[in-house]
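Undergrad: Protein sequence lines correspond, in order, to chains A and B.
Under my numbering, the first residue of the first sequence carries the number 1, and numbering increases by one thereafter.
Under my numbering, the first residue of the second sequence carries the number 1, and numbering increases by one thereafter.
Just so you know, these hints were derived from the structure itself, not from any lab.
Hints are not guaranteed to be accurate.
Beta-carbon label-pair distances, calculated as ranges [claimed, not checked]:
#, chain 1, residue 1, chain 2, residue 2, range
1, A, Arg12, B, Glu174, 17 to 23 Å
2, A, Gln9, B, His41, 41 to 47 Å
3, A, Ser13, B, Arg60, 35 to 41 Å
4, B, Gly155, A, Arg12, 22 to 28 Å
5, B, Gly182, A, Asp19, 31 to 37 Å
6, A, Glu23, B, Thr24, 19 to 25 Å
7, A, Glu23, B, Asp179, 32 to 38 Å
8, A, Ser5, B, Arg148, 32 to 38 Å
We put the CB at the ideal spot given by N, CA and C, even for glycine.
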Amino acid sequence: MSEASNFEQLLRSALVPVDPPAEMTDRLERTLTELTDAAAGELADWELSAMRDPRNWGRTVAAAGVVAGAGAALALVRARQQHQKRNVQGLRALEDSVRGVLSDVEKRLGR
Amino acid sequence: MANPPAAAAAKATLDADFTDLYRTHLRDIYSYSYYRVGNHHDAEDLTEQTFLQAYRHFERAQRESRGRPLRPWLIRIAHNLAANYYRDRSRRPQTSLDDAGVLSEPHTTADLVEGRQELQEVLEGVANLPEDRREALIMRFALDMDNREIARAMGRTEGATKVLIHRAIKQLEESLKDDERGE
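With the rest of the complex left out, here is chain B:
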């Protein structure tokens, strides 16, 4: 028969583990959500929903992860919620992102204007990529995830993920060059 004090001890361990997960990945989930939807308001909703979902299923996820990192699982929750968000509201990600704080680092005025323009074009290019390529780039560059983690988050092999990222970068580079030529 199960022993209530043992269950309480297991609960305390689970509590501590979820707290760690939350602390470690709150910024990751918010960043992912922000670059997926393109505005802070909806990114907040997605982040909140993601952690509430995670908290509902944490015990099982931890058991099934067999010690592997849970960040890909969290990202997958956020991905599914974002997909529902687009489906329900028939929206596409905004190409013009709210101020992410990215463009506010100190530079000379000329650098700042030129740098802002360039980064803005990159962000718009990312937002216009097909969904899987966009996601892969967000995970690689905003979240600094390696191929293995990205593969787990996307349900692909590591090889397929490597190819996906390579193609995403190529496509983005080409589209930015095309834009330059067109100006």
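Chain A with its partners taken away, still in its complex shape:
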């Protein structure tokens, strides 16, 4: 093996992929789920009144698009949560992002 490829092998051994801690994974998935539920709730409340007015139909679909992003993690999250109930740790900077997404939803709903 050449010196260069030896060194690259050494680099590969040093920079091995690192598994995320299970606690973080649970926390992230829980946050995404909560976000999805909140976004879906916003949409459902708004839809009940707005869908009666045809002028709002386009906005309803746009809002559904926002919720679609939020719902994306649901499929994997639901199954995990059934057997992984742990205490929620502080969400630190996550809270800002959550608020940001909810704000997106509200803007798309025209509130």
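Start from chain A and add chain B according to the hints.
TA: Showing chain B alone in chain A's frame:
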């Protein structure tokens, strides 16, 4: 006029696609974040922030990617967040990494001590490289990305990326040799 049932079907597809993206790349994003910032605590924050950002902009990113892999886009989000992290807190990456699990593979005692030392020196050398070189090496060796993917993540041409990686390896090799001579 848009049809709500059609929108619901599109939503279901988008949901499934994001789930795939998350499952496939969670480890990549965590690894990238970890080697960028050098500790698990901040790597967790960066990873969480990255996926929340990704989830906000996923629909558009998917549309604009025209079927190309989205890993470079995810890495780019993590890169921008990491840059803000350093700017806001005036920090540099830690040269002494938390235990990454890298150094715990079974060896004889002598091998283990020598191997740990060598790998630790490599990691410290990587952490001391200029940011673009450090990132390129992380993507190549920790995430096993090819030149094309790295180029997309870094907003460079493939040729420039190849040169960047070559120079990064050379610089690291030289600095480790200098350290050896200095001991």
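Undergrad: Look at each hint and say if it fits the structure.
TA: So, going through the hints one by one against the coordinates:
no.: 1; hint: A/Arg12 x B/Glu174: 17 to 23 Å; verdict: holds, 19 Å
no.: 2; hint: A/Gln9 x B/His41: 41 to 47 Å; verdict: violated, 30 Å
no.: 3; hint: A/Ser13 x B/Arg60: 35 to 41 Å; verdict: holds, 39 Å
no.: 4; hint: B/Gly155 x A/Arg12: 22 to 28 Å; verdict: holds, 25 Å
no.: 5; hint: B/Gly182 x A/Asp19: 31 to 37 Å; verdict: holds, 35 Å
no.: 6; hint: A/Glu23 x B/Thr24: 19 to 25 Å; verdict: holds, 21 Å
no.: 7; hint: A/Glu23 x B/Asp179: 32 to 38 Å; verdict: holds, 36 Å
no.: 8; hint: A/Ser5 x B/Arg148: 32 to 38 Å; verdict: violated, 21 Å
Hints 2 and 8, counting from the list given before, are not met by this structure.
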